[in-house]
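Engineer: Given only the sequences and the hints, what does the whole structure look like? Please build it.
Residue 325 is where the sequence shown starts when you use our numbering, and the numbers rise one by one after that.
Quick caveat, the hints were computed from the structure, so don't treat them as lab data.
All figures in this text were calculated on a predicted structure; none of them were measured in a lab.
The beta-carbon is built from N, C-alpha and C at its ideal position, and this holds for glycine as well.
Be a bit skeptical, because a hint or two may be false.
Claimed, not checked - Pair by pair, the computed Cβ-Cβ distance ranges are:
no., residue 1, residue 2, range
1, Ser337, Glu359, 28 to 34 Å
2, Leu348, Arg372, 33 to 39 Å
3, Arg414, Gln376, 56 to 62 Å
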Amino acid sequence: MLVGCCAELALDSSQREVQQLRLLQEKTEIALQAEQLRSEQVAADQARLQQQNGDLESDVQQLRLLQEKTEIALQAEQLRSEQVTADQAR
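Structural biologist: Rendered as structure tokens:
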């Protein structure tokens with residue numbers, strides 16, 4: 325009887341240990357999945373930020389061109405004004 329009881333306790337202990345190992349394995353798999361999802365989110369965020377950066381660089385370039393055109397237009401208007409003044413002086 326004592327041998328049977330010890331064997332049963334040993335079996336229960338082994339079963340609990342197996343169950344704990346399975347739970348640990350499941351927790352580890354979940355943690356790995358969560359890390360994979362975080363990694364994928366970081367990659368998606370980086371791609372989005374790179375796209376936004378490209379868009380901003382394009383916007384800056386367009387604004388610089390607009391500024392240059394505006395400066396040229398102002399210079400042209402200044403030259404026309406000076407020409408009118410010179411014509412009036414004659």
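Engineer: Determine for every hint whether it applies to the structure shown.
Structural biologist: Status of the hints after comparison with the structure:
One distance hint, 28 to 34 Å for the beta-carbon pair Ser337 and Glu359, holds here, with the actual separation near 33 Å. With their beta carbons about 36 Å apart, Leu348 and Arg372 fall inside the hinted range of 33 to 39 Å. The hinted range of 56 to 62 Å is satisfied by Arg414 and Gln376, whose Cβ atoms lie roughly 57 Å apart.
Every hint, counting from the list given before, is met by this structure.
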